[in-house]
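For chain S, the structure is supplied; the task is to place chain E on it using the hints.
Chains S and E, in that order, give the protein sequences. Note that the first sequence covers residues 1 to 97 in UniProt numbering. Note that the second sequence covers residues 1 to 364 in UniProt numbering.
Check the hints yourself; a few may be wrong.
[Unchecked claim] Cut-off 20 Å, straight-line C-alpha distance, at most; resulting in silico cross-link-like pairs (SDA-like, lysine to any residue):
{"#": "1", "chain 1": "S", "residue 1": "Lys-76", "chain 2": "S", "residue 2": "Asn-96"}
{"#": "2", "chain 1": "S", "residue 1": "Lys-44", "chain 2": "E", "residue 2": "Ala-253"}
{"#": "3", "chain 1": "S", "residue 1": "Lys-44", "chain 2": "E", "residue 2": "Trp-293"}
{"#": "4", "chain 1": "S", "residue 1": "Lys-61", "chain 2": "S", "residue 2": "Lys-21"}
{"#": "5", "chain 1": "E", "residue 1": "Lys-292", "chain 2": "E", "residue 2": "Arg-151"}
{"#": "6", "chain 1": "S", "residue 1": "Lys-21", "chain 2": "E", "residue 2": "Asp-204"}
{"#": "7", "chain 1": "S", "residue 1": "Lys-21", "chain 2": "E", "residue 2": "Tyr-213"}
{"#": "8", "chain 1": "E", "residue 1": "Lys-191", "chain 2": "E", "residue 2": "Gln-87"}
{"#": "9", "chain 1": "S", "residue 1": "Lys-76", "chain 2": "E", "residue 2": "Met-220"}
Just so you know, these hints were derived from the structure itself, not from any lab. The model shown is predicted, which means the values in this text are computed figures rather than measured ones.
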Amino acid sequence: MITRFITEVSTRFNPFSARSKSARLFLSFLPPTARSSGMTITTKLLARTSTEPSSLTVKFKDGKELNFDSDTMGIKSLIEEVDRHSRILQKQSDLNE
Amino acid sequence: MAPRIRCPAAARGLGVAMGPSCSTIASSRSAALLWPATLAASTTTTRQYAKMVESAFAGVSTLRLPDDYVPPTKPPTARPSDVRKSQLLRTYTSLLRSTPLILIFQHSNLTATEWAAIRRELNIALANVSPPGTDAAEIASKVQLQVIRTRIFDVALKLVEFYDPSKVAPTTASTASGKKVKVTYNHDLSKAAYEAVRAVTKGDAPLPATSRYAELSPLMVGPVALLTLPAVSPDHLAAALSVLSPSPPAFPAPSRRKSPGYYDPIAQSGLQKLMLVGGRIEGKVFDIDGVKWVGGIKGGLDSLRAQLVGMLQSAGLGLTSVLEGAGKSLWLTMESRKISMEEAEKPAVVEEAEKVEEVMEKKE
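Bound conformation, chain S alone (with noise of 0.2 Å):
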């Protein structure tokens, strides 16, 4: 995954749902010196009987926002919808070099 362009994560799930598998993996799949290079990474935790929805929130460099819904969607499809954002901003950057 791509993670030069992301300024910021936040998420929000309830770990005992199978549900929250996406978004727990997106976590990791962060690397790890994802927040000493300047990236927010905020989670938030929900009760074990809440029903909410799990959320996944991504910001860009280029100050685009994207919502996933983390329920429904897969960590392969969540990769794939991020990167594809990140390759138009890294093409930019590399015509801009």
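Then chain E, alone, in the frame of chain S:
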């Protein structure tokens, strides 16, 4: 790899030993098939055949493979024993059977130095819970923060819940010397264990609602680490929580003056990536709030026990007084009724006596 060097010779030896005897059996069998029915049925030939078979196998039974024989197609694994899947499964099942307090964390790409810093801070905080030399210090020294293989831990969870080793019936097996003995294969890697787990989790059928595995299995996703405490000690749990997932005011992070190492950038970046997702305490599954509630029990289990004893004693006193009260009131009413009846009877008896006296006087 020493056994492997020995095996080709052993295998060749076996081949040599088996060679002629096998061929004799084969030839005699084919001969028996080719013979006409009358000839084959004659007693002499069958007896001869049986003898031949016996002698053939007697030769084989004297030949024995060395105890450390390793088949060339199954070389010993090169993996260190403590990270083999089978060994991990054994470790996890024994961990689940013996450990009353397990906290489950998600760790997202922590580096080795960050793990080292977190473990250091955890150990410092746990050591501060109680003076050395006590039981509490013993608990603190046995607390472990370990990264687990999630899928194997998931299997171990199933095994611990759905498989009861004591219910496996013994089977007969023959030893190397041909003796029949009763053996119980009920270890966690046995076929019985596999079948017991498979019987419950097979297909898409939902697991029983009371199943602990069904509650815990959603947590077994992605990278998971466990904090294991050898006893349910809320004091140690509170100390661990205040380091690993501080949440003021109940579990404040250690102060900057007392433990400067905690505010080391390496330790802090590691702690940010560590996320408490749940816990398993005394076999029950708790979420974060539940874990915090257990950690917030003041004075530990002893104080809870004292509370319970106090409650039962006061309840007992109340009960005896209630029971006594009922008896007493019954006795009082009966007694008062008795007295009143006696009083009512007395004048009547006196009157009757007077009447009798009057009649006697008249007769006279």
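Comparing the hints with the structure gives:
| no. | hint | result |
| --- | --- | --- |
| 1 | S:Lys-76 / S:Asn-96 | 30 Å, violated |
| 2 | S:Lys-44 / E:Ala-253 | 19 Å, holds |
| 3 | S:Lys-44 / E:Trp-293 | 19 Å, holds |
| 4 | S:Lys-61 / S:Lys-21 | 26 Å, violated |
| 5 | E:Lys-292 / E:Arg-151 | 27 Å, violated |
| 6 | S:Lys-21 / E:Asp-204 | 19 Å, holds |
| 7 | S:Lys-21 / E:Tyr-213 | 17 Å, holds |
| 8 | E:Lys-191 / E:Gln-87 | 16 Å, holds |
| 9 | S:Lys-76 / E:Met-220 | 19 Å, holds |
This entry does not satisfy hints 1, 4 and 5, going by the numbered hints stated previously.
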